[in-house]
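Asks: Given the coordinates of chain Y, work out where chain G should sit on it, guided by the hints.
Heads up: the sequence lines are chains Y and G, in that order.
Residues are numbered in this note's numbering as their position in the first sequence, beginning at 1, plus a constant of 33.
Residues are numbered in this note's numbering as their position in the second sequence, beginning at 1, plus a constant of 1040.
Calculated from the structure, these hints are not laboratory results.
Just so you know, not all the hints are guaranteed correct.
[To be verified] DSS-like mimics (lysine-lysine), calculated; alpha carbons at most 27 Å apart, straight line: (1) Y:Lys204 <-> G:Lys1851; (2) G:Lys1296 <-> G:Lys1496; (3) G:Lys1838 <-> G:Lys1851; (4) G:Lys1851 <-> Y:Lys449; (5) G:Lys1395 <-> G:Lys1318; (6) G:Lys1752 <-> G:Lys1650.
[What the hints assert, rightly or not] Derived Cβ-Cβ restraints for the label pairs, each shown as a range: (7) G:Asn1598 <-> Y:Asn154: 40 to 48 Å; (8) Y:Asn154 <-> G:Gln1609: 28 to 36 Å; (9) Y:Asp70 <-> G:Asn1545: 30 to 38 Å; (10) Y:Glu73 <-> G:Arg1481: 39 to 47 Å; (11) Y:Asn443 <-> G:Asp1340: 41 to 49 Å.
Being a predicted model, the structure only gives us computed values, none of them experimental.
From the three backbone atoms N, C-alpha and C, an ideal C-beta is built for every residue, glycine too.
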Amino acid sequence: MKQYKFLQTIFLTGALLAACQKGEIPNLNTPVAGSTDSKEEIDNLVTGLESSMRFTLNTYFDAVSILGREIYRFSSSEPRYVTELMGQGELNNNTFYITNPWTSRYRAVRQGNTILDAAANASFLTEEQKKGYSGFVKTIMAHQLLMNLTLTHSNGIRTDVKNLSQLGPIKPAAEALADIAALLDEGKADLTGSAIDFPLSDGFANFKTPAGLLRFNRALAARVAVYRQQWAAALTALNESFFDLNGPFSTGIYHVFSNASGDQLNNLFLPRNNTGESRLAHPSYATDITAGDDRIGKAALRTDAVTLNGLTSNRDVWIYTTNTSPIAIIRNEELILIYAEAKINLNQFPDAVVAINRIRTGHNLPVYVGAISQAALITEMLRQRRYSLFAEGHRWVDMRRYGRLAELPNTRPNDKVWENFPIPLTESN
Amino acid sequence: MYLIKNWTLLLLLICSALTAAAQQKVTGRVTDAAGNGIPGVTVRIQQSNRGTITDVNGRYSLDAAAGNTLIFSFTGYKSHQAIVSGTAMDVQLQEDYANLDEVVITGLATSVKRSNLANAVATISAKELYGVAPAQTFDAALSGKIPGALITANSGAPGGGISVKMRGITSIFGNSQPLYVVDGVFISNISVPAGLNIVTAAASAGNPQNQDNPSSRVADINPDDIENIEILKGASAAAIYGSKAAAGVIIITTKKGSSLGKTTVRLMQDIGFTKVRKLLGMRRFTEETAFEKGGATDRDLFIAARDAGKLYDYEKELYGETGLISNTGVSVSGGNERTGVYFSANRRSEEGIIKNTGYLNNSVRLNVDHKLNDRISVGMRATYMNTSSDRGLTNNDNNSVTYGVALSNTPEYVELHPDALGNYPANPAGTNFIETRDKLRNNETVNRVITGGEMKAVLHENDQTNTKLIVRGGIDFFNLKTEAIFPRTLQFMKGGLNGVSIQGNTNNLNTNLMGILVNYMEANPNLSLTTSVGATLETSYMDNLIATATNLLPQQTNVDQASNSQLSQFRQKYRDNGIFIQEDVLIMDAITASAGVRFDRSTNNGNYKKYFVLPKASLSWNLAKMDFWNIPAINSFKLRAAYGEAGNVPPYGAKFLALTASNIGGQPGSLVDIQLGNEAIEQERQTELEAGLDISFFNGRLSLEATYYQKKIKDLLLRRSVPPSSGFAQQWVNGGDLQNKGVELSLNATPVNTRKVRWQSTVNFWKNTSEITRLDIPAFPLGAFGNSLGNFLIEEGKSATQIIGTIGTGKGIGVLGNSEPDFQMSFFNDLTLFTNLSLRVMMHWKKGGDNINLTEFLSDAAATSHDYDDDDDGNGVKDGLDRMNAFGAGEARYFVQDASYFRIREIGLYYNIPIPQNRIISAVNVGVSANNWFTFTKYRSYDPESSNFGSNTISTSTSRGSTGISTGVEVTPYPASKRAMFHLGITF
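Looking at chain Y on its own, in the form it has when it is part of the complex:
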């Protein structure tokens, strides 16, 4: 009897406690992936994709610009900018300068694949809408893959990352570029006859239509084509892009920034004459420049020179003048130079000189009077790219493309110019 009551009491206590149980606790903070069942949610994912293209851009542009001897990056808390990245020791495959940008770009690619899946399976979208999503997303994915390939180059990248449990092989530069070009072509095909029915930021101003995005897609295709030395294809792509020989240099597509909640600031911005953290023009930028070139404005004179570990500069990089200044994804000035490059390589020198002069006169310089030979014009074209696209991630790539990395200056005896970044350590897992 007593024992029985004892047990009953236990069970009753247990039952009382169990009665408080009310099922699973969901994620209280964010939506959970894999549950898109409205167009609005897919639109949110597209906004997330555009937003994610900006992650760790500072690390990317700093790393590429240091290697291309365009800038110095002095940081009292991160000496590796003036050691490893300048060629001392070795580049580590598990350090922020490669892992952070690499991860950020593939994160955007994952987001792209997520949108492609969601859009393809959406019963609430028209065919035209679906094509719009996939055309835009593929264009962005191609751009993101290209940025990573820029870093690792001959070490390669994975282009097929759709299935995360079975990632595609790491492909060397030539094959990876072919895949990127093919992805852009798929994007082009999708955008043709599509409906763009999702919001984009004003970084895409004037390009928010199917036709506009197609021109953006082809501009990227032109860049990829010259990287592949497919000169004629580059010209074809240019014709379908927003290339305008006489148009403003700045026309193009941009990453935009704002102070709004959940948005990002341009972290390539540093105030002028900043100390502790400084982003400085490589001294050669000013010493090599032609007198009168207005592009000197991108390297603003500081009140004091700064020295760190035997490196000195007296000019700040001054491209982004506020923390909400936009960063170019691709703009007309590059397209004009792509046009020149393709023409030079096709030995159509007069057309090339027209383009080069467009750049020169646009920057307060007299017309080109040098030798008219392929070699001389390539040198001139690379020089104009150096100044026109300063610190926008091109110099190192250009010199590598033309096998001229050895021409880049090394101030200190132990410095050298790296040819590519290693594949991140965790990629081999």
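Replies: Only chain G this time, still in chain Y's reference frame:
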């Protein structure tokens, strides 16, 4: 509920009829060896629940029948049994040098005498904790006092921040810190970051972990309220706490009201000061070295400063302040046999060694115990705490804004002091940290209530058996307000963020409830059985809201007084519940056997309905209590073994793949998180086997406790690195096993014990080694800033705490050290002269254990380190340059440094002033003490105890929390301090 009530009444009625007859009043006095009455001794009739407590003079009286056995027990004395044969009985108690009769809480509601205990449970008394030289916070006071624990201060900042690791690493990515239970309330010890990353960008490059240096919440507790602390170090002792016990349990019991009928009031006032433990010094420049450092610009600056006599020791200016410490408290303890009340109020204030930093803690406590009748007693514990800490801005950053990073970049010849108009010059070598220090505010304010209640009811009792119902519940609620203000005039705010106000608001509510039935049966004097069965429920809800405003109006701090603002919110919630049953058997007061099992589940597990089974068993045999024992010199000889399992639940959110917010162009965006969730994630499971031998010689004048343990953590919770090309960085998996083995030795002695001189001494030795015995995923580095600066590597077959790094260009990585100490020892001595004067010293030796010192690295990189120009190795190259050259050649070895130390942690001299007998004041004590005053170490930075990443920092949607590995990574921390104090206590 209604039903239970009826049953309880019924049971009560049945039971009360069993009270026996033939009673008489027995009175007497309990004294110590010197003949002084001992107040508070429990006098209990054997095989019954009846008893009383001695009064102020040691007198007692109770009803007992002739032939009854009375048991007299009191902490610090051996318990004594006597058979009633008349109406008067005086008793003299022997001191219990080895604490063999001390009662240790082993279950959720059961306890065992130390002489029968099967585990090595460390107990820290109030005197040991806070009676020598009070540490900054309660948790810091544990340093060196727990054999088997590695206790490290994360920061020297006022308000603390302590990492406690018991018996090695217990988890890599799960909770690695012990559970704190205060009077039965499971309190929260999370560290909530203040959201400083927008200013410091600390987590933006080398390591995504939060580096805000938040304080830990256990520091809120007023140490003066603590009666004693018991430490269950691992699963074998703590299994009954189930899935919360893997990292150990620290059970804190606060003071109770006395039942002596007299009310004592105690006033105490401590006053003292704090100073930095060590300064490194600044590099002294010459024209030549200034030129080497920064060319003509720096040389000219140097010449101008030197000629004007304006070379400054900025390190001393920054860290050299003397902080005032004051601790004021009053406590009132009183009551009678049925009701005891303890009340205390306390105010602790402390200035830091950096200007504008400091700590303030106000607390009040009310503990009430009341017996409704012989069968039902209730207890209530309530405390309110208000703390405020100004933490300054230290540790790593990537914007050169923290004090230390800016200092590391600043040579002696730049001018940072404000001019006559109060304008601070810009620091050409970084940011003006003098200005930052003077203008910044980084405050954490906590308002916290911890309250708990307990009801014990004897459901039924007779001479042989009794059954008790214990219901215990507790609430821990705190609001944490973080406020970080960076005025727009700061050097690093101008032209950028233009003033930042970060206002964080966190509400955290933890509740726990348990109901336990305990049946005690004394089958015969040689056999007793205790059965407990119960159920527990714990819930927690945290809501963290951070508003960040930029482009702030001058002088304003409200987030609406700015042109831009950002919001972020993070919530987490869990509910854990468990059911347990435990059986303890005591045979001949010599053999204790215990077995139990607990079933636990948690909403943080992938499958929230699944119960995990966590068994435990233990056995101890005290041979000296057996009849055959005939070695009088050895009065206790106990063999013991214990086994237990405990769990460690995954962090909240480990099962989800979240879509984080990421906006652009005014549109809301959702972005797939880089942390891949795992719907099958389960808790880590720890099994621990512990065996030991406890021997006590010469009536306890000398005793030895020796323990060996083997602790295995299975199905380690790991954030596996996935190939980043998948778009994910990490995934939660259960993917490995970890093993810790170690020994703990404790030697207690009372070499001298005369009326005039008494010397007690304790020596502890402990050592732990760990090994990753299984790893299903590839070896992965973690914890610091990349391999070229020294990092940790989790690798199968290797120590969990190994430190690796690059070993030269093209040579890959190699092992450079280990953060686990070779061993630790502590020495506690208490010398009492003429009963009134006592000298207490606690020393702590940590041998081995490496740190990753990046403070030196940053100073070297900026060519400002104090020993830059030395040439210790005589190779003709300056040491600073040597170190940088090694780094340039891909060698990380200089960053990994031996962090051994020998420290006189606490030294205190106390005197009870003899006062004439009077009716008001009963005692006056004075004392002086020094805390962490002497440290001997070769470590090349401020202090070997340091951690850039904290120890219990929560992960939020935007920041990663601490790991169990990365303590001992140092990046320009808040330097550690030492303290000297004067104490005055008056008892009325």
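Asks: Each hint needs a verdict: does it hold in this structure or not?
Replies: Taking the hints in turn, this is what the structure says about them:
1. A hinted pair counts as satisfied when its Cα atoms are at most 27 Å apart, and Y:Lys204 with G:Lys1851 qualifies at roughly 26 Å.
2. With a C-alpha separation of about 16 Å, the suggested pairing of G:Lys1296 with G:Lys1496 holds against the 27 Å cut-off.
3. Restraint check: the Cα-Cα separation between G:Lys1838 and G:Lys1851 comes to about 20 Å, which is no more than 27 Å; the hinted pair holds.
4. Restraint check: the Cα-Cα separation between G:Lys1851 and Y:Lys449 comes to about 19 Å, which is no more than 27 Å; the hinted pair holds.
5. With a C-alpha separation of about 17 Å, the suggested pair G:Lys1395 and G:Lys1318 falls inside the 27 Å cut-off, and the hint holds.
6. Proximity of G:Lys1752 to G:Lys1650 is assessed by CA-CA distance (about 22 Å); at most 27 Å being required, the pair is judged to hold.
7. Remark: the range hint 40 to 48 Å for G:Asn1598 to Y:Asn154 is upheld by a beta-carbon distance near 47 Å.
8. For the pair Y:Asn154 and G:Gln1609, the beta carbons lie near 31 Å from each other, so the given range of 28 to 36 Å is met.
9. For the pair Y:Asp70 and G:Asn1545, the supplied restraint of 30 to 38 Å holds, since their beta-carbon distance comes to about 34 Å.
10. Range check, Y:Glu73 to G:Arg1481: about 41 Å between beta-carbon atoms, so the 39 to 47 Å window is met.
11. Here the CB-CB span from Y:Asn443 to G:Asp1340 is close to 28 Å, at odds with the stated 41 to 49 Å.
Violated hint: 11 only; the structure is consistent with all others.
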